[in-house]
Amino acid sequence: MKRINYTLLALMLLLGVTSIAQEKKIEFTEYDLDNGLHVILHKNNKTPIVAVTVMYHVGSKNENPNRTGFAHFFEHLLFEGSQNIDRGEFDSYVENAGGTLNANTSQDRTFYYELLPSNQLELGIWLESERMLHAKVEQVGIETQREVVKEEKRQRNDNQPYGSLLNESFSHAFKEHPYKWTPIGSMEHLDAAQEADYKHFYGTFYVPHNATLSIAGDINIEETKKLIDKYFGSIPRGANINVYRDVESLSADDFVNKYFKDAKDSKKEEVKKALGEKSPSDILKKYFKGNDKKLPEIPRPDSNMEPALGGEVRDTIYDNIQLPAVVMGYRMPAQGTKDFYAVQMMNRILSRGESSRFTKNIVDKKQLAIAALAFPLPLEDPGLALVLGITNAGVQPENLEEAMNKEIEIMRTEMVSDREYKKAQNQIENDFVYNFASVAGIAESLANYHVYFGDANLINTEIDKYMAVTKEDIQNAAKKYLSKDNRVVLYYLPKEGDSEE
Amino acid sequence: MKNNMHRIEKMKTMKTRNILNSILVMFFALSVNSTLAQEVDRSKAPEPGEAPVINIPKPQLFELDNGLQVIVVEDHSLPRVAWRLYVDYDPILEKDKTGILQAFGQSMGTGTTSKTKVEIDDATDFIGASINFSSRGFYASSLTKHQDEMLSILKDILFNPTFPSDELDKIKKQMVSNIKNNKSSASTMASNVRRVVNFGTEHPYGEVETVETVENIKSEDLKKFYGTYFKPNISYLVVVGDINKEQAEEKIKSMFGSWEKGDVPTHKYKQPQLPSGNKVVFVEKKGAVQSEIRVTFPVQLKPGADDAIAASVMNSILGGGIFSGRLMQNLREDKAFTYGCRSALDKDEITGEFYTFGSFRNEVSDSAITEILYEVNRITDELVSDDELSLTLNSMNGSFARSLESAQTIANFALNTIRYDLQEDYYQNYLTNLSKVTKEDVRNAAKKYLHPDNAYIVVAGSKDITDKLKKFSSDGKIDERDMYGNVKKDLEKAPEGVTAQSVINDYLKAYTMEDKMKKVEKKFKKLKSIQQEMTATVQGGMQLSFKSYQAAPNKESQIISMNGMTVQKQYFNGETGGATGMQGASELTEEEIKAKKVESRMDAELKYDELGYKMELLGVNKIGEHKTYKIKLTSPEGTVSFKDYDVDSHLLIRTESIVETPEGPSSSVILFSDYKEYDGFMFPSKMEIESGPQTIEAEVKSVEVNGKIDDAVFNK
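Each protein sequence line maps, in turn, to chains A and B. Mapping to our numbering: the first sequence position 173 is 1651, numbers consecutive. Mapping to our numbering: the second sequence position 559 is 567, numbers consecutive.
Read the hints as simulated data drawn from the structure, not as lab findings. Warning: the hint list may mix true and false statements.
Pairs of lysine-lysine residues, derived as DSS-like cross-links and limited to a Cα-Cα distance of at most 25 Å, are as follows [said to hold, decoys possible]:
| hint | chain 1 | residue 1 | chain 2 | residue 2 |
| --- | --- | --- | --- | --- |
| 1 | A | K1843 | B | K180 |
| 2 | A | K1943 | B | K153 |
| 3 | B | K178 | A | K1844 |
| 4 | A | K1973 | B | K294 |
| 5 | B | K479 | B | K497 |
| 6 | A | K1838 | B | K226 |
| 7 | B | K181 | A | K1884 |
| 8 | B | K180 | A | K1838 |
| 9 | B | K555 | A | K1973 |
| 10 | B | K602 | B | K555 |
| 11 | B | K294 | A | K1628 |
| 12 | A | K1843 | B | K231 |
| 13 | A | K1843 | B | K181 |
| 14 | B | K635 | B | K501 |
| 15 | A | K1739 | A | K1764 |
| 16 | A | K1884 | B | K125 |
| 17 | B | K180 | A | K1844 |
| 18 | B | K259 | B | K269 |
| 19 | A | K1900 | B | K123 |
| 20 | A | K1502 | B | K153 |
| 21 | A | K1703 | B | K52 |
| 22 | B | K153 | A | K1503 |
| 23 | B | K294 | B | K485 |
| 24 | B | K52 | A | K1756 |
| 25 | B | K125 | A | K1900 |
| 26 | B | K52 | A | K1704 |
So here's chain A without its partners, still in its complex pose (with noise of 0.2 Å):
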């Protein structure tokens, strides 16, 4: 009896000092379907309303080195619609029904969702299985969206002042890791595109067994389930997926050569027959049993096959901007490794808020910059960290650097104040609230959690691992990081205006 009071107790006291802002445990239900797609659901029923979300782990670091920006444009494409839905009316059903969609990529994963009044649900799900199961991508729609995705490429970057700059700095800093392109990727790349590109994408990765369904809102979970059941639960597991896919999309002659080239012509016949008449899970059933055992295993690149950058990397380039720029990026631990968390507290001393010291000395003090920022990419492998200065105006970008480089000096030899300490760790904690501010957000980080660690409940926990940073542990990760010879520094010089002309 004593023993098990003392236990509590101490659980009690354990809870208590760790997880300080999580007042309120944010609920979820898990589970896998047969096909592997992973389901998270979280019901809050505040505002009628819910957002169904679907998480394909597959971005731009996925991608053939010559088909760079192939995630991105791919997930462009996945709005062009199904085999039961036309171009253009993917859209229209979710604003007919009041709500609002979008997707984005980033290197790591793939996240698209909609927004809809909750008694849309069921809607918002079956959207979400046809794009799954059998997405229809036309020529006109792949014409237009390449277009498209040019042009968001000149708006996002070619014409937005610093807008290359992750571009050069991955470039810069990495060689053999598809992390050396960013998700824009290349447009003469985009313009060679095959039609076998496109499916062997889709069949590659766009897969159950790839992706995490993750629902929040006002919903029934008991219902929920069975909504998802219905709809994902019929797409088809493993190969089997694509044998679907291809019994909607080939012709019976095509179909036959490609899965019955070696059977006998009485055979074909009748498959060809069958394809006539039976609807495509008939025809998996009674040819294809079996061959949804195996889950076929997800390429992903070797997240440790970068070597260590060797020593520093500068470069110079000329953009369209007025304010040369000083950017440096750091070759970092991958996300939610134990020397990520104090890499993200050190960010924060350094750069976030007035008090910050990039900002109350550099910005503030020395007049040297108009802004100053330091932010690692949170990354599934091991990636960067930017430090990045914009100089005010007629600053030179040797004296802005040269201050940017003191204050990483001081970091790495000298200690963080136990005020400033306990300020990043207040920071955090407000951040974690914020977060979870929308069903939206809390759709968003449930599939995050348990795609990149396989733990949705570092939803609940993430904080502790924060919390446990100690001031030692900062000092040590800028020594280990943010050495010279650990990164890439890049000089922004506006492109016109040569003084000596």
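Based on the hints, put chain B in the right spot on chain A.
Relative to chain A, chain B alone:
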């Protein structure tokens, strides 16, 4: 292929195990049943369930004795609270101090009677709170447990501001930097110009801040503004989050109870007029690969007007929505001219405006305008379709419902209801009123508020496209503006008898201090070399030194150094040349050498005609206090530059060179002043080199004519 083999192999094994198989089949059939067997009808979209009931929680309202009106919205779903103050004075003309309102907002929090900016920032960041002031009050939020600490910081900033001059100087400097930086933002240029043409510069909405207006702002101006306008009797305080009314009331009374009320001046403005026809207004963005295009005009539409909802529906069909708006469908989904094209119809208590916005690649900029005008016309002429109407009504219904997820929305509804004097149940009835909008209502709203024949077509982009824009202008003219929206004036005509050659000749006479061209020629013949040394101080006290060398017939070299270290050297020895320095070394190409051979001649100015230069007198220009003749000079290789010669002194006071880059033409400007005599020639002793946002001022330390120069400086 692999797949196929795998399958055939499997079929073989199944044959040999017939009995086992039949059992397995049954088992499989069962397990398959649970997942595949329900043949789902996927061909049709599922029907929606019963529409959910939408409740708008009632905010709690009360007023303090000093007139401060308070709105409290409880929301305990997360442990956080947000406080917002809105000071509701009439819009203010900022005139020659435009930017003062922004500077005011940024200055609040840079010093109080007891705390410095550093102390305030540190206290705010320490609790992870965010506190932002604007010219109309503040928005601040924190976790519930840090609320009292946050309020005490807020109270100090709000009631004891000191507007320290040194902090204001920093803010002004940043504002100037931003203004200069916006030279590279086509969308900022387009929106500056849009506001100027729609409202005019005599209207608060049409004022654009410039470097000069920002420089004019003083600490006293901010104090005066604060003392005049920050009064409780015209203010609203909105508290949202994890707090109840009693707690809020207690905190508000202790914090704001002693805030003294006072009379606040009111302001009225003339209503802006529509242009008499369509007008093309162009602002150049050198190097643009896309044009920012706005089709725009002012609109008289107040929030809460009888047809305000119908007007919103109309705008949503035209250019709102996610992808379904007509502009998006036509210009993105159909034509692929753009990543996005939308429209906005701003309601405002004084004057609203309508504008379409999007950026389009250069080649299709004119086609894009044609399509935008087509769509604006179409919605005023034809009834929208049933499908479009129902889609838009559903979509607006949904977005209204979604917006309720944020307690801030509820607070905004309450604030708008009071500020715009809306009916008390305006938002409760919003969805019902929305559902009543008809196709006719939509067309009526379009007819009333859209003016496709009296529109400004604002384009920010590359000058290459201007010819193709003329056709959109009723008078065939293009109204060219600078980035602040100021009219670019045509130059005055030069007087009879003045030609490009006569201007150059006069300059040469002034430069050589001779009165006859014969003597000028003679002096040039004797001219063998010039060396100049200049220094410039840049930010942080760093000294740059420029040395320039020229030698007959066409050798030249420039060396820039810092602390005795060469930063860059450009050299040409008459045959070859290049550059070395911190940015690496490069050699001139054959074409560049060909051009250099001509451009570097010491007597080039004397022999423009002979060397194949084209000179064109553009007219009389004004630079600062100086009247000048502006000449366009095109080198034999096609390089264009503009030169301004003082009408009175005849000396060169400005050059602008245009350089072709892969992204289009780009310019560099040098201003010359304080001419002095050196060895019988007039040289400027001061130069201002404008390079992007930076202006480097250089001072001439020495000039030596016909001195000896080591030939090494003209070589690598």
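When the hints from earlier in the document are held up against this structure, which numbers fail? Per hint list: zero violations.
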